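Participant: Full structure from sequences and hints, please.
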Amino acid sequence: MSTPRARGFAELIEEASSVSVDGWDFSWLDGRATEERPPWGYARAMGRRLARATGGLDLQTGGGEVLDRAPVLPPLMAATEGWPPNVARAQRRLGPRGVVVVAHGDEPPLPFADGTFDLVTSRHPVRPWWEEITRVLRPGGTYFAQHVGPSSVFELVEYFLGPLDEEVRRARDPEREAAGAREAGLVVDELRTARTRIEFLDVGAVVYFLRKVIWMVPGFTVEKYRERLRELHELIAAEGPFVAHSTRHLVVAHRPNA
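full-length UniProt numbering applies: residue 1 is where the sequence shown begins, and numbers increase by one.
It is worth saying that the hints were derived from the structure and are not from the lab. This structure is a prediction, so every number in the text was calculated from the model and none was measured. All residues carry an ideal CB built from backbone N, CA and C; glycine is no exception. Each hint should be verified, as a subset may be incorrect.
[What the hints assert, rightly or not] Label pairs and their in silico Cβ distance ranges: (1) THR54 to ARG195: 18 to 28 Å; (2) PRO39 to VAL243: 16 to 26 Å; (3) THR196 to GLU227: 27 to 37 Å; (4) ALA194 to ARG69: 31 to 41 Å; (5) VAL168 to ASP22: 25 to 35 Å; (6) PRO111 to GLU239: 42 to 52 Å; (7) ARG7 to THR221: 16 to 26 Å; (8) PRO139 to GLU231: 49 to 59 Å; (9) GLY240 to ASP22: 24 to 34 Å; (10) GLU11 to THR221: 10 to 20 Å; (11) ASP114 to GLY219: 33 to 43 Å; (12) ASP173 to PRO111: 22 to 32 Å; (13) GLU11 to PRO256: 55 to 65 Å.
Facilitator: The following block contains the structure:
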């Protein structure tokens, strides 16, 4: 079989346009894109914390792929997700492990009583609603999450949208988010940041990524950006992978005892 970069534009586009983008599994990109991981190993660290918890909540769990990697789950474990196809996937994946998967959008309030959980986790939430996170945590409970940082993958975003203004580039700033957590009553114990390299090896990988991570280029369709995609295909063929950089930050915070 020919490698993706050796295949024609039309074939790559058609394949990437037809494959399912449900769930939060990016294995379709194996051999077509690479991404460095932050040094703290979020999934492993989350698993260790869940093993010690008595009540856990995973916010915006996607299809439950990351949560399901935890070897041991607490006796009480819940997860929220807002996109219906992902809700169904998460229920199939996590239900047999005793996880209660709740269909819930990204807006407050969370459908749980005050002080229900001693651990709240989230990997790449759209927005952390700090007041609600504080409310559902027990005194002494911990929020442990990996957030997307500012200007993440903006080399690709601006390839399609053009230069973005400074306020857009500063969205998801870790210091701003930490300040929001403190205002909601949390104590921020740890805030770590990382900038990692991404390589897109063919234009199909870009199409798949933008179809899946829909907020990167809002309203993205192949038809709308066909000519720009064709130019990108030719650029990769001539110069090699398209390089971008992701930004991430690890947030560890706790609700103080009364």
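Participant: State for each hint whether it applies.
Facilitator: A quick look at each hint next to the structure:
1. THR54 to ARG195: 18 to 28 Å: The hint (18 to 28 Å, Cβ to Cβ) is violated, given that THR54 and ARG195 are roughly 36 Å apart.
2. PRO39 to VAL243: 16 to 26 Å: Between PRO39 and VAL243, where Cβ atoms are some 20 Å apart, the hint holds.
3. THR196 to GLU227: 27 to 37 Å: holds (30 Å)
4. ALA194 to ARG69: 31 to 41 Å: violated (20 Å)
5. VAL168 to ASP22: 25 to 35 Å: holds (28 Å)
6. PRO111 to GLU239: 42 to 52 Å: holds (50 Å)
7. ARG7 to THR221: 16 to 26 Å: holds (21 Å)
8. PRO139 to GLU231: 49 to 59 Å: Cβ of PRO139 to Cβ of GLU231: about 56 Å, so the range 49 to 59 Å holds.
9. GLY240 to ASP22: 24 to 34 Å: holds (31 Å)
10. GLU11 to THR221: 10 to 20 Å: holds (18 Å)
11. ASP114 to GLY219: 33 to 43 Å: Taking Cβ atoms as reference, ASP114 and GLY219 lie about 39 Å apart, which means the hint holds.
12. ASP173 to PRO111: 22 to 32 Å: holds (29 Å)
13. GLU11 to PRO256: 55 to 65 Å: At roughly 57 Å between Cβ atoms, PRO256 and GLU11 fall inside 55 to 65 Å, so the hint holds.
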